[in-house]
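Peer 1: Knowing the structure of chain H, use the given hints to seat chain L on it.
Protein sequence lines correspond, in order, to chains H and L.
Going by this note's numbering, the first sequence opens with residue 748, and the numbers climb by one from there.
Going by this note's numbering, the second sequence opens with residue 748, and the numbers climb by one from there.
Check the hints yourself; a few may be wrong.
In this list, chains with the same sequence are indistinguishable; a pair is considered to hold if it fits within one copy or across any two.
[What the hints assert, rightly or not] When the alpha-carbon atoms are kept at most 20 angstroms apart in a straight line, the in silico SDA-like pairs for lysine to any residue are as follows:
no.	residue 1	residue 2
1	LYS922	GLU950
2	LYS883	ALA851
3	LYS922	THR948
4	LYS906	THR834
5	LYS906	PHE929
Just so you know, the hints here were simulated from the structure itself, not pulled from any lab data.
Below are the chains, spelled out letter by letter.
2 protein chains.
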Amino acid sequence: MQVKVLENILKANDAIAQENRTLFQQKRVLVLNVMSSPGSGKTSIIERTVKTLGKQFNIGVIEGDIASTYDAELLSKLDIPVVQINTEPFGGACHLEASWIRNAALSFDLEHLDILFIENIGNLVCPAEFDLGAAKNIVILSLPEGADKPIKYPLMFRKAQVLLINKVDLREALKFDLDTLFTNVQQINPQLNCFPLSAATGEGFDAWTEWLKAEAGKK
Amino acid sequence: MQVKVLENILKANDAIAQENRTLFQQKRVLVLNVMSSPGSGKTSIIERTVKTLGKQFNIGVIEGDIASTYDAELLSKLDIPVVQINTEPFGGACHLEASWIRNAALSFDLEHLDILFIENIGNLVCPAEFDLGAAKNIVILSLPEGADKPIKYPLMFRKAQVLLINKVDLREALKFDLDTLFTNVQQINPQLNCFPLSAATGEGFDAWTEWLKAEAGKK
Chain H
748 MQVKVLENIL
758 KANDAIAQEN
768 RTLFQQKRVL
778 VLNVMSSPGS
788 GKTSIIERTV
798 KTLGKQFNIG
808 VIEGDIASTY
818 DAELLSKLDI
828 PVVQINTEPF
838 GGACHLEASW
848 IRNAALSFDL
858 EHLDILFIEN
868 IGNLVCPAEF
878 DLGAAKNIVI
888 LSLPEGADKP
898 IKYPLMFRKA
908 QVLLINKVDL
918 REALKFDLDT
928 LFTNVQQINP
938 QLNCFPLSAA
948 TGEGFDAWTE
958 WLKAEAGKK
Chain L
748 MQVKVLENIL
758 KANDAIAQEN
768 RTLFQQKRVL
778 VLNVMSSPGS
788 GKTSIIERTV
798 KTLGKQFNIG
808 VIEGDIASTY
818 DAELLSKLDI
828 PVVQINTEPF
838 GGACHLEASW
848 IRNAALSFDL
858 EHLDILFIEN
868 IGNLVCPAEF
878 DLGAAKNIVI
888 LSLPEGADKP
898 IKYPLMFRKA
908 QVLLINKVDL
918 REALKFDLDT
928 LFTNVQQINP
938 QLNCFPLSAA
948 TGEGFDAWTE
958 WLKAEAGKK
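Next up, chain H with everything else stripped away, as it sits in the complex (with noise of 0.2 angstroms):
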């Protein structure tokens, strides 16, 4: 009973974000759904990016949190658009959903915009099984969290077609064994493209902001 209203919520979703796919295909925007742990760097990601491409592109960020507007405020500070969404009010939710970024999605003036960044809730569980019609799935993974989250959070990295190693300049501190990381990552997902990188240095960035500049060309 419990599974069978759960698939029904999903499916019902799923619905909703092909329409959203098409909606965002035919705008030409580019929609990055952007999941992590709480603290691995969502945020932090975001802002640098568009520090580094905010000349290039427009950019749009929807920001979910359970509760708080912390990081949408940080953000419009960077005089983009930002749409916040909070989910204490939907029984503090633990994911976002399709419908809410079909309703967020609308209040942005999407003929204009090039990238649309979607931060969800920190959580690396089960925003992977709400697919929001975005053209691809970032996971952060930040070294603090360890190497091993791969095979103990599968769904997640299998969903995603990208990983961002963040917070690599703590690499010493923590004597950090990337290769570890990797192979764990080639276990799970061998086509993940993997972008180690620190948004408090900028290390790594280069390659990463490479990778979505032509990705906003492919639109």
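Peer 2: Okay, now just chain L, sitting in the frame of chain H:
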């Protein structure tokens, strides 16, 4: 309809949690539900705690993971009873439920157990909604996750009685401001017992294990 089903699930869960709580009290086992984001250090803290108190108390662990048995294998090396719950066969559930805890708990010799740790799924959202029948809820926040987390994930910090602030050995590298964290905790849950510590270096473990010894003595 969705909300109604969720309410029923939570109601059924709470009833079993209450039975668990009665059972644990009868058997005089201190049960602790340990929750956090992925990679905050649940396993490392339990490991160091067992190494510190394992001679004075009989300790067991219920290890929750979506997939893998890494952590259970690691903890088994400490020569303590460990029971693994993998949620992948249950749709990759993002939290543990009271009925699974009941079944797992019956695998232990409860008559001779003093402390039972439940290591929940790495997720700062969903586990907070499911009472497991533990005496105390413990939330771990590690410094790299950021000081804003109590504000952004309020339910978890409201449902916990203890906050373990892990990875304080990275304080300098991260220029982390503990006062901001304490202010945010104060805003969400002024009753929360906070213990800054490091599972890596052992810093701060004395205060935490003293608290634990006192609680175990109260049973």
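Peer 1: Against each hint, give a clear statement of whether it holds in the structure.
Peer 2: We went through each hint and held it up to the structure:
1. Taking the shortest alpha-carbon separations for LYS922 and GLU950, both the intra-copy value of 18 angstroms and the inter-copy value of 19 angstroms come in at or below 20 angstroms.
2. For the identical chains of this complex, LYS883 and ALA851 are intra-copy neighbours only, at 18 angstroms inside a copy versus 39 angstroms across copies, given an alpha-carbon limit of 20 angstroms.
3. When the C-alpha separation of LYS922 and THR948 is checked against a cutoff of 20 angstroms, the pair qualifies both within a copy, at 18 angstroms, and between copies, at 14 angstroms.
4. In this homomeric assembly, LYS906 and THR834 come within 20 angstroms of each other (Cα to Cα) only across copies, at 18 angstroms, whereas the closest approach inside a single copy is 23 angstroms.
5. For a Cα distance limit of 20 angstroms, the shortest separation of LYS906 from PHE929 inside one copy, 17 angstroms, qualifies, whereas the shortest one across copies, 36 angstroms, does not.
The structure is consistent with each of the numbered hints, conforming to all of them.
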